[in-house]
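Assemble the whole structure, with the sequences as input and the hints as a guide.
Line order of the protein sequences matches chains A and B. Residues in the first sequence are numbered consecutively from 1, following our numbering. Residues in the second sequence are numbered consecutively from 1001, following our numbering.
Because the hints were derived from the structure by calculation, they are not lab data. Hints are not guaranteed to be accurate.
What the hints assert, rightly or not - Simulated coverage check for chain A against chain B, where a stretch passes if three residues somewhere in it have a Cβ under 8 Å from a Cβ of chain B: (1) 190-200; (2) 334-346; (3) 358-365; (4) 401-408.
C-beta: ideal position from N, C-alpha, C; glycine also.
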Amino acid sequence: MIDQPNLLQTYLYRLTDPQLLYLYHIHIGDVPTPFHKPKLIEELISYLRQQETLSATAGLLEADELAAVTAAALTPLPSSAQLNQILICRGLHAAAAERMLLHLEERLVLLPLQESDGTVWQVNPLLQEYIGGSLHIDALFAPGETPDGPVKELWFTPSMLPGWLSLLQHRSELFDRKGMPKRQREGELRRLYPGISDPRRFSQLSQTARKAGILKGSFHLDHEAARMLFTLDSHSLTLHFAYRLVREYGITRGQFARLLSVCRHRWYASMHLTGIIMTLSGLSRQQCDALLDCLKSFGFAAEIEGTVSLVPLHRSLQSKKAYPSSEEGHLSKDFGIHIDRNLPLHRWAHAYRFSALKLHDRMTILQVNQRSMLEALDSGMSTDEITDALRLISTDPPALLLQFIQEWAQSYETISLFSGIVLQCNERTERIITRHPTISSMIVRTIAPGVFLFSEKESEQLRIQMIEAGLPFVPAVRTAESMKHPGGTARGTVPMPPEPILLPKEVDSPTPIPRYDDEIIKGLHQSLERFSGSSEMISELRYRIDQKLILTEQQLIRCSKKRHIFEAKGFDYQGKVQLIRQALKSKADILEIQLHQDGQSMLLFPELLIRQGNADILQGRTIPENEEYRISAGKLFLVRKIRKPLLLPKRDSSIR
Amino acid sequence: MQNLPLIIQSDKTMLLEVHSPSFSDARDDIAPFSELMKSPEHFHTYRISPLSLWNAVAVGFSSEMIITRLNRWSKYPLPDAVEQFIHEFASRFGRLKLLPGPDEQTLVLSCSQEKLYQELKHHRGLQNMLTPAGDCSFLLSLYNRGTVKVTLIKLGHPVEDIIPLRQGKTLALSLRETALSGKPFDLRDYQEEAVSAFLGSGSPSPGLGYGTVVMPCGSGKTVIGIAAMHRLQQQTLIITTNTAAVHQWIDELLDKTSLTADDIGEYTGGKKEIRPVTVCTYQVLTWRPDKESDFPHFSLFQRSDWGLIIYDEVHLLPAPVFKITAEIQSTMRIGMTATLVREDNREDEVFSLIGPKRYDIPWKDLEQKGWIASAVCTEIRTPLPEELEIPYAVAPRGEKFRIASENPRKIPILKELIANNPEDLILIIGQYVRQLQQIARELNAPIITGSLQNAKREELYRQFREGTIQILVVSKVANFAIDLPDASMAVQVSGTFGSRQEEAQRLGRILRPKKRNAKFYNLVTRYTSEEQFASNRQHFLTEQGYTYQLEIWDD
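Next comes the structure, spelled out in structure tokens:
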């Protein structure tokens, strides 16, 4: 539970005196003088806590006001703009929404809190505790009537994904390098997914595979990710995919669950559902609209006559109850795999690795063939895994299919292609290599006696280890290409001279950069002496010349026309205080201070200038230590105002 | 909810679960408006096509009736696209009607929609054949009847041909209760069904009397042809694949009907008899002196005597015969095949010109009922001998297949198979004559190839039927229409690349019901293109529910 008095207390303490006195005045009455701030705050909290006050405050809330309070209670720390937008979704004008928030603030119903990134709103915690039960989303947006007419089934179901993965795995020619379907192959995809009439769905399927973490990088399938995913049941998977979609908009798992819970079976005016999502997620209206469009595009949300709902998603989660669940898939002697859409995904989804999609609709039809088996074996699947997967689909797979799988696997194993460094050596070297602990651990495979395969990435390390092991004559790696064409030219091509490098007509020796030596500085100082400005200005210009900020006489003339004072020192007490005030006010400056004429200078973030008796105390934080530092302005020999570097964080500062 | 057996996919295919208790009822319900595509062991696949819908509408179905039947058996809601498709295409049938014209040589094509009328009027391909005649109708010549129908059906507009089919000359014909061979003869239930599907229960009404019957080899397609002749009692032209098949037809007609030898004519290369029932070959019909000449024997088609034309092995119908068939649309016609699979993809022309598939029955259904033999199919793989590995590896693609097909290691396997099956009558079937001759020499077995005279072929077939020779080596001349009822084992040593229908037809040679199971061996060279071709060849049979055992013979 929120520590209400503390939150309220903190809020009241942060108010300026006039603000606090005003609130005290309108809620309790005349402010006793001299006032004691803690006492005023205590009295205000005591008043707000009274049962009578709470019931009157709650009872006087109009419907729109209650909606604003609900939104503030349900939205995670809403900004003014968000609350305004939520009220606008109820049909209020922007100005009316703004006025309402100010009024609720004045009545201490809503409390604006200053956060690092702006104002956020909080319901008065005492009031929230009092009317908590009434702060339901229904108070914010009443659900509408359910439109007549059936809501179509979701076009997307998790059972579509194994077939799509099968295409990605075995029909890569249908996709571009990123795994997105090629437009010119749309016809073929339509034949494979005859239930899909909108070709955009095909791209969405690839996007789903990507969002699910299965399709990665430039067209790489993560089978382990798929394996993990398909351990979920269809219900959980549907939710998972829907969540993956909304997650990209910044919705958390908890927010998504709440959204589903709130919207179950309900239809809302389009703007209201946007408002609900805004309320639950704290996202902007644009983000919520985009999110809703995304849900609609996947069919998880439906829109009928201006009302929107997540009913389709809920229905899809319940649909499995409507039809009897299939007990198993069917493997035919023609190596076809027939999967009824009600067969649990974990029973068959992995078939995508070794079978090619023939059709996905009410029933998914896959087929095992030579090519699909080759892909499966290439992807590291063993025949045992394939057989186990088949037995999971059907308890009685055709013997012929199992026999063919073994046969294909045997053929597959008769050839091995390697890529890496192949090392061939004599018996002595072989003895060293196989017995040397480091080198032997680098052997990827012994291809034949005296022939070893090493990783290409480790070739340099291998060379070093071999030299250290007493094999100094390690030859350079000879590529197959260089051995095939020793002359370095490809067979059948005519050797050509190297392409000439075109040089500029004449290249002179480099011209030395003229240096601005002391004479120039001296010249600028001499020019400065001719100026008739104040001593502060002259001093400032001198400093800037020394710092090489003024480089030419023209610049000196321009700068001398400005009357900004950047430095005060010695007995110029008022000048120093003035500079400190300017720095505090601008918030864009920092101060360089020096306690003694010859002492070291230090940099400060000015935070406060406090008047204590006759003294002005400068409070700030040192740079870069960020330690608090206080000093009387009278003790400073020099104060210099410097533009704050851009990368330093912003600091609050004030004058008391 | 009841576990219904039908899953209707958005691509208009339907999967019917074989193991469901309501399988048969559902199948009977959907069969009239869908085509059986394949029938492996778990799911039979049917497809709703424009043609299948038009067939159904032609016999009185409406789109609502079709949808009601689908909803009755469908496990999931009918896809919207399928429902729309049914409404759209079913409604097309009947928009165009072919009616008798002002004279015998002219017909009227009546169009029920102005929009459609305008579309046809401006269609380039039809302008030469259709003459606008007002009231949304066209005149066309009798000669173009088939061509117009084919063109329109390709445009998606079926023609309801309600011109009564022409009656041929009467032929008195009765079926024997006991065949001349002494065996009792009666039509089996499925044969009766097939005839009724083709002709209707009474006399053929408009829309019937033409079509195709698809049934497995050995299931008695010839009998269906004979039964159709019996129902019609009209003179008949029968066209089949080769002279041996001509003789088989004649023998069957004599054996099972009251027809005498005088009633039946043989029209082949050797004889040119035209009688009330004439049996000829595709080869003789399509013969011509040179490429520029007409086909002199086409006149046989055009004789007005025929009340029925039977196209045996219709999947082999040559292109010129399509053309002439387009011109004889007034005659009742029936096509018969075991495999309506044309490697040239001209199934639609068979549909348009011979007629739609009227009857189809899965092979395994007949096997279960005992009407065809159970068959065990085995693929035996053996590698090439070492000395042929490199010649194979460097050979051009086409030659590779031949090297693999003629793999000499197949011969010892063949010998072992023969030795292991001494009780069987064995056919050895191959593609390459050189290979077959070598096999015949090594086995000391007779061989039939295209070059062997018909009389000698038939003598060898006779001896084989009688069991005086156990092994017969045959080339592709024996692929079709050869009835060798007691052959119980076939060994295929090579084939025509990936021909599905050839594989099925060869299996068909041993499917006549008999006491022992039929054995079909396919010898394939391991690690060669023959493996892939063999796999393709097996598609039709595996779709029919047959399974191949795989054996590897390395030594």
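*Find the hints from earlier in the document that the structure breaks and name them by number, from lowest to highest.*
As far as the earlier hints go, not one is violated by this structure.
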